[in-house]
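K.L.:
The residues making up each chain are set out below.
2 protein chains.
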Amino acid sequence: MCQLLGMNCNVPTDIVFSFTGFAMRGGHTDTHHDGWGIAFFEGAGVRHFVDHQAAIASPVAELIKQYPIKSRNVIAHIRKATQGQVALENCHPFVRELWGRYWVFAHNGDLKQFAPALDGAFRPVGTTDSERAFCFILQELRRRFGDSAPPLDALRAALGELAHAIAAHGTFNMMLSDGAALYVHCSTNLHYVVRQYPFVTARLSDQDVSVDFSQVTTPDDRVAIIVTEPLTANETWTRFAPGELKVFVDGMPA
Amino acid sequence: MCQLLGMNCNVPTDIVFSFTGFAMRGGHTDTHHDGWGIAFFEGAGVRHFVDHQAAIASPVAELIKQYPIKSRNVIAHIRKATQGQVALENCHPFVRELWGRYWVFAHNGDLKQFAPALDGAFRPVGTTDSERAFCFILQELRRRFGDSAPPLDALRAALGELAHAIAAHGTFNMMLSDGAALYVHCSTNLHYVVRQYPFVTARLSDQDVSVDFSQVTTPDDRVAIIVTEPLTANETWTRFAPGELKVFVDGMPA
Chain A
1 MCQLLGMNCN VPTDIVFSFT GFAMRGGHTD THHDGWGIAF FEGAGVRHFV DHQAAIASPV
61 AELIKQYPIK SRNVIAHIRK ATQGQVALEN CHPFVRELWG RYWVFAHNGD LKQFAPALDG
121 AFRPVGTTDS ERAFCFILQE LRRRFGDSAP PLDALRAALG ELAHAIAAHG TFNMMLSDGA
181 ALYVHCSTNL HYVVRQYPFV TARLSDQDVS VDFSQVTTPD DRVAIIVTEP LTANETWTRF
241 APGELKVFVD GMPA
Chain B
1 MCQLLGMNCN VPTDIVFSFT GFAMRGGHTD THHDGWGIAF FEGAGVRHFV DHQAAIASPV
61 AELIKQYPIK SRNVIAHIRK ATQGQVALEN CHPFVRELWG RYWVFAHNGD LKQFAPALDG
121 AFRPVGTTDS ERAFCFILQE LRRRFGDSAP PLDALRAALG ELAHAIAAHG TFNMMLSDGA
181 ALYVHCSTNL HYVVRQYPFV TARLSDQDVS VDFSQVTTPD DRVAIIVTEP LTANETWTRF
241 APGELKVFVD GMPA
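Heads up: the protein sequence lines correspond to chains A and B, in order. Numbering-wise, the working numbering puts 63 at position 63 of the first sequence, and it's gapless, one number per residue. Numbering-wise, the working numbering puts 111 at position 111 of the second sequence, and it's gapless, one number per residue.
None of these hints come from the bench; they were simulated from the model. In this text the structure is predicted, and so the values were computed from the model without any measurement. Among these hints, one or two may not hold up.
Rough simulated footprint, nothing fancy, chain A against chain B, three-plus residues with beta-carbon under 8 Å [unchecked claim]: (1) 38-48; (2) 62-69; (3) 121-135.
In this text, a Cβ means the ideal position worked out from N, Cα and C, and glycines have one as well.
Between the sequences and the hints, there should be enough to build the whole structure, so can you do that?
P.N.:
Shown next as structure tokens:
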């Protein structure tokens, strides 16, 4: 299995603190050493970093920890291969374009007998069940809504149905973003916390690092962090219910 | 205008030497400071780095100069904005998927009254003429060849026709790769060199850096470097003819 990390904010925020703890699980405090990746929306653009090395050994992960890229929507993933060999094309998150915007997707879980008919508009490059699910989702969104994006509520409803159908094949914890919202589906294991005023000091579970968020935020900032296992010991994380799809907009569940 | 750098090799090779000289033009020895980007194929996967900062000021460019990512096909670009604001979504190279493989594209030039009909399968995210041209090319390839990739010769012929049509709108120096071959079209200004046995010492024009390739290669290695302006003073660069489309495979023009 893998681990997922997502961030959704009302102002561009860096993910250095959370990523630092998360990356420790890529071969150090946990055994997810078959590659990793992270994607940051920046305006309509995406910065996409993937590496088939363990996150703890990756020079690119080192850069991410040093370089405070600010973003309102981030998805990161550390991989323990279940389907698909260890190769760059099998590293999450995956990126595709639909309706003139980029979509970013990452998945934790394992899908059995999942071979949806793909019409060619979105086709997997690698060999994971995850990328197949991503291509299927985008194809179905385009099939339902045609050439332009529907309102958020319609998208949420469609994604709920699609996630439910895919989850019939196995574990489907997933994160998906188009840069405007972060859609999160839970099959088994996901938690989130909303950081907002009054901000407190948070302490990582995986490494001896603390940050006093009141020193680096304004009272209007709001940040939702969603992750497989809670990253801090002294914050209250909310566990997702199995089968739940949540949409995060402007740093909170919408 | 912008500058382009491409590399095509018969074995995975790092581009640190050439990129070091090229990146100097991103705000130092030249004025291309409106962002930059580079994409490396690694198997079927792509590592894609873009930054709207000048290449000389970018921590990501620093990483590329330090971290020898090995690849058989690389495309890099430094931008001086002509159309489209300075923003991440307007940084080249652009990446899309067609036929279950990634395609990488970068363009130097300026297209006037270029507004091809796009059917929605590939739609620009940013506002550049370049990304519009890329979407048009992929759409036309899919329209001509359907759901599976044709042989190289058919692709070459189709790309020659498409590049010719696009170049009617202005300057269209471009590089395109699907990870198997590097397609290069010249309107005005492109040069290439093939490095092969016996290897010599090359000296950058833009910075006081030399490398003795005989120390870092095997006799079987072959590397083609394609660039807007020659990167070295002591190698023999071949200038492209206007209107020429060349395909590089295994480190040489095919």
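K.L.:
Next, verify each hint and record whether it holds.
P.N.:
How the hints compare with the structure:
{"no.": "1", "hint": "38-48", "in the structure": "holds (count 7)"}
{"no.": "2", "hint": "62-69", "in the structure": "holds (count 3)"}
{"no.": "3", "hint": "121-135", "in the structure": "holds (count 6)"}
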